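Asks: From just these sequences and the hints, can you work out the full model?
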Amino acid sequence: MRRILPTTAALAAGFLVLLDLFIQNPYLDLIGWVLTDWAAILAAFALLAGAYNVLASHFRRVGRRQEGWPYSLILILALWVVLVVGILDPSGPQGDLVSWVFRYVQFPLQATFFALLAFYMATAAYRAFQVRRPEALLMLVAGLVVLIGQSPVGAWLGEALPRAAQWVVAVPTTAGVRGVLLGVALGTVATGLRLLMGMDRPYAR
Amino acid sequence: MVDLLHADVLGGWVAFVLTLMVFSYLLGDNPLFRLAEHLFVGVAVGYAVVVVWRTVLVPRLWTPLATDPVANWPFLVPLLLGLLLLARVRARWSWWANLPMGFLFGVGAALSIGGALLGTLYPQVRASLISLNPASYGGQWGGVVDAAILAVGTLGTLLYFYFTAAREGRGVAGGIRRAWVAVGRWTLLVAFGALFAGATISRLSLLIARVQFLWNQIWSLIP
Amino acid sequence: MIYCPNCGTANRDGSKFCNECGARLAAPSTGIACPECGTFNPVTRLFCQKCGARLVTVAPEPEPEEPEGVPVTGFSLPSRLLETPPEAEAEGPAAGEEGALIPEWLTGLEPEAAGEEPVQEVPAAPLEEEHLPDWLRELRSGLGAVPEGESVEEAPPEVPAAPPGEGPGWLRELRSGVGAVPEEEAVEEAPPEVPAAPSEEEGVPDWLRKLRASLPPLEEEGEEVPPPAWLTEEGAAYPQVPVFAEPAVGAEGPLPEEAPSPLEAEAPGAAEALPLEIPPWLEGLEEEAAEEVPPPPPPGEQVSPPWLVGPTPEEIRAPGEAAEAVPPPVEAPLEPGRAEAEEEEMLPEWLRVPPPPPAEAVPAARVPEEGEAVPGEIPPWLAPFSPLARGPAAEGEEGTGLLQGISGLVPAVPEVLEVREEKAKGPAPSPVGASEANLFRQVLAEPPPEEPPARPKAKRFPLWGRWLVSLLLLAAVGIPTVWNGVTGRPLLNLRPAVPPAVQALYAAVEQVQPGEAVLVGWDVDPASAGELLPLAEAILGHLMQRGARLFVVSQLPAGPPLAQETLDGLARTQGVYTYGAHYLNLGYLPGDELGLRALSGAGGLAALDRDYVQGKALAQWEAAAGVRGVDDFRLIVVLASDAQQVRRWIEQVGAQHGVPLVAGVSAGALPALQPYHETEPRQLAGLAGGTPGAAAYESLRGVYLAGQSSMEALAGGVLALAFIVIVGNVALLFGLGRQGE
Chain A
891 MRRILPTTAA LAAGFLVLLD LFIQNPYLDL IGWVLTDWAA ILAAFALLAG AYNVLASHFR
951 RVGRRQEGWP YSLILILALW VVLVVGILDP SGPQGDLVSW VFRYVQFPLQ ATFFALLAFY
1011 MATAAYRAFQ VRRPEALLML VAGLVVLIGQ SPVGAWLGEA LPRAAQWVVA VPTTAGVRGV
1071 LLGVALGTVA TGLRLLMGMD RPYAR
Chain B
1439 MVDLLHADVL GGWVAFVLTL MVFSYLLGDN PLFRLAEHLF VGVAVGYAVV VVWRTVLVPR
1499 LWTPLATDPV ANWPFLVPLL LGLLLLARVR ARWSWWANLP MGFLFGVGAA LSIGGALLGT
1559 LYPQVRASLI SLNPASYGGQ WGGVVDAAIL AVGTLGTLLY FYFTAAREGR GVAGGIRRAW
1619 VAVGRWTLLV AFGALFAGAT ISRLSLLIAR VQFLWNQIWS LIP
Chain C
753 MIYCPNCGTA NRDGSKFCNE CGARLAAPST GIACPECGTF NPVTRLFCQK CGARLVTVAP
813 EPEPEEPEGV PVTGFSLPSR LLETPPEAEA EGPAAGEEGA LIPEWLTGLE PEAAGEEPVQ
873 EVPAAPLEEE HLPDWLRELR SGLGAVPEGE SVEEAPPEVP AAPPGEGPGW LRELRSGVGA
933 VPEEEAVEEA PPEVPAAPSE EEGVPDWLRK LRASLPPLEE EGEEVPPPAW LTEEGAAYPQ
993 VPVFAEPAVG AEGPLPEEAP SPLEAEAPGA AEALPLEIPP WLEGLEEEAA EEVPPPPPPG
1053 EQVSPPWLVG PTPEEIRAPG EAAEAVPPPV EAPLEPGRAE AEEEEMLPEW LRVPPPPPAE
1113 AVPAARVPEE GEAVPGEIPP WLAPFSPLAR GPAAEGEEGT GLLQGISGLV PAVPEVLEVR
1173 EEKAKGPAPS PVGASEANLF RQVLAEPPPE EPPARPKAKR FPLWGRWLVS LLLLAAVGIP
1233 TVWNGVTGRP LLNLRPAVPP AVQALYAAVE QVQPGEAVLV GWDVDPASAG ELLPLAEAIL
1293 GHLMQRGARL FVVSQLPAGP PLAQETLDGL ARTQGVYTYG AHYLNLGYLP GDELGLRALS
1353 GAGGLAALDR DYVQGKALAQ WEAAAGVRGV DDFRLIVVLA SDAQQVRRWI EQVGAQHGVP
1413 LVAGVSAGAL PALQPYHETE PRQLAGLAGG TPGAAAYESL RGVYLAGQSS MEALAGGVLA
1473 LAFIVIVGNV ALLFGLGRQG E
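Chains as they are written, first to last, in the numbering used here: chain A, 891 to 1095; chain B, 1439 to 1661; chain C, 753 to 1493.
Hints are all accurate, no fakes.
Calculated from the model, a selection of chain A residues having no Cβ within reach of chain B, i.e. all distances over 10 Å:
(1) Phe949
(2) Arg950
(3) Gly953
(4) Trp1046
Partial selection, computed: residues in chain A whose CB lies under 7 Å from chain C:
(5) Asp919
(6) Asp927
(7) Ala930
(8) Ala1001
(9) Phe1004
(10) Gln1020
(11) Leu1037
(12) Gln1040
(13) Pro1042
(14) Pro1052
Keep in mind that the hints were calculated from the coordinates and are not lab data. Source: prediction; values computed, not measured. In this text, a Cβ means the ideal position worked out from N, Cα and C, and glycines have one as well.
Replies: And the structure:
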């Protein structure tokens, strides 16, 4: 029963939604929409489960006094403050305190974390673009053309470089990416069919 | 009542300090960075839960069931499925979540199949069917060349990922196949170069935005 | 590793639950460690999950219980070998000092007739001195110390058998008809008065003499006779005192409760009144005396009675026959008309010999092995008094051997030390396998080949190098930023190039008429805000300039507040736009493609029926008038940092509806979305990427906003990066490469 019921649910819901995608029928449309809407709401519950896991793992670290437990304590406190205030405040996430925390704590922290990537990109570019083989030269040339061509430097140098950059992006890059997209789409269809036929059951473990 | 102006001023300097704490990672891992890291995760997760609670769960499940449960009885199904899904957090009860997980996987797989077929496969394959007539490209032979490169490059990329293509076949056909696989590899190299360039510009833009913020904050001190 | 009992997945030690299926795992404290591979298995398993070895060793089967005679506990008669060593016989009483508990006076008894069944007995554990009655102790001390710890396996001394006509006088008297008195009487205190035995006193042991003297005159029936002392409390300390004087029914009362006799159950007939009678062995003796006159034993040689000697090899019967050879019990007392009866009557009840118990099925006689001690025979008159037959050896109790009856012994060889035979692993090596094995041996014997010099590992980028790169980048980006911030104008006044895709985007927005609804997919969060906010402001500002009604929906939890802040800022700039009348924030849409499909499905905006700012239903807002589903929108603008997110919009919304779709994405996602722009009809009507796209769009709009103001800093950063790449290749060219960084 532990496997039959989930498998039945997966197959039944999947086939109904798939039929809705290819067949125009008002009843199928309604059924497909309802099932999809319920699945979207379930995705919100999945986010709650993820939040619980984060909280539980850090609680465990604090309880066992593992390495870095004071940081985990700060994480737990910050989470609880935002959660409690946000739920109790009638304005919810638009409340004063929660908005302030989002604007002056979460935003600068998250933005700066990703800004650090620029420095790692630079240190990686030193070694990654060392031309050791002819193929690497091709990649280096294409990268530099697009990089400089899309920046104001290319426009400052003339029109040739920006147009070359545009051509590189529009033709060979599109060809390569299109091939990848086709392969990914074929794989997605195959995987989805395997799941809808019950050959793969990642949900029943 | 909180003074919003002072709250914004204070908040600006709080953001300034937090930004510097994260940039301190350039000097190496240190307690300031780790503090900022954990603070971010806590705030971000808490905020996400608040948004989900106030914008999805309460208005779409709780309110309809609380106001008129008889008329809104269908909302019981996602509510029960969602509660079963929460059992996933405990290993002992995780099997309870199999049913909602199965439902999610089924619907998601169906949407992925439909989207891939109708949204990517058909349009992209159709776009690869090129015309070698210059009239289709406004009389420009350059358009024909571009289209040919597009088609050849696309097929070469697909052949490149068909790993045995380069080894099969003998004679002229085998030679053409191997050459086509090489063309596919070159096409991918160019694409990777362009992708790297784009990612570099993206990261530089993020850095520029933070540097601008820091400078603006410092500049705000100057009357 | 701990293997899950449910799915078999390997989990780290210490895991309590399986990472794969969540089943509870056997913890080291509650599981069984495999003796072969050490893997912890649940306690319910018999075989290891990993290697298949047996977890629970099979204890050697206990030897089948062999039928033995009625065991005698506590008061064990000695046993002796069939083949008595000459030295033991020669020692005689000397050997007896360490040997049997049999007093000498018994050694003169005639061996029993061959017809009598030698009762096999199981030697009981030797007794402690304090457990012996006084009379026995006296016997021992008088006849020679007989340590109680004697092993029953030791050869007991042979007791010379008394010639038929010899022996103690009292015995002769008994033979001649005097009532017998069992020799196991225990008289600790002054025994009751016994009517003096007639005739001779010579040869009568002192205890018997005293016994007779202490015996009170026989009373008439019904009169109580006080029990002897050994039957009272003191005698109760010795629980296995043979209560041969079972109280007669109606004569004496029951035995004192302090001295429960274990023999009562065994001797059901003991409760009956039994007149004094000649014990059957005495009868047998008389008969034997008449039938058989064994030759006198050689001097110094003790002839043991048959019940001491045990069965001769010829007398040893098959187990099946042994049961049949049980002598018939004495059923009827002797005729009182005889002189013996008179003597019997003179003895108190407790001295009278009860009839032997009903014949019990004697277990099959076990053929003793050579060298093994043979249990002695118990005379029939003693048989009723033998202790309860021992049942099967209790668990943990030794059943045989020297330590019989003792429990709780530690096995000599612990089971864990048992050498388990190695299970044969795999089939026997074939000839081919043998040749391969030889080859393997040769390879092992050869010296290892010299390994080629290892390729030097790429050194990690040195710390000073990272600092240098960081400083260079900060300078390249910071200088134009500071200049622009200080002076308010660009450093070099560089005009960006406008790609065709950006022009198409601009053209698509230009086609939106005032009042038309535009759906904005806002997938910008703080992580990508630095790059996409300038592009979002440029496009949304253009839409506001066109007078479009904006509906913003986000699939990121942090998206709605950013979108609201951006729109509020643009609305303030516009001056005309107000929330609720011109733009609405529909909030968070969970589920990626699930939410998008729900949005584009039959229910339309029912999936987002309330706004994010005030939580009011859409129908209550002026801006939502006439908008129910995706088809009611004029244009869909997707702002995302991830190409996959835009692909979802294309597949789930754009492919299902004919509404034009444009995208403003990160510069890194731009090449990945170009194929969707290069289709006919275009799946993406317009496409702009990152800060260059924002600058290009602004230039098309003719405004100077954050996009263009960032272009000089971007140029500086690009130049710094190009410089780093060139330096890296120059270093490689001059051979520095990985070694000389």
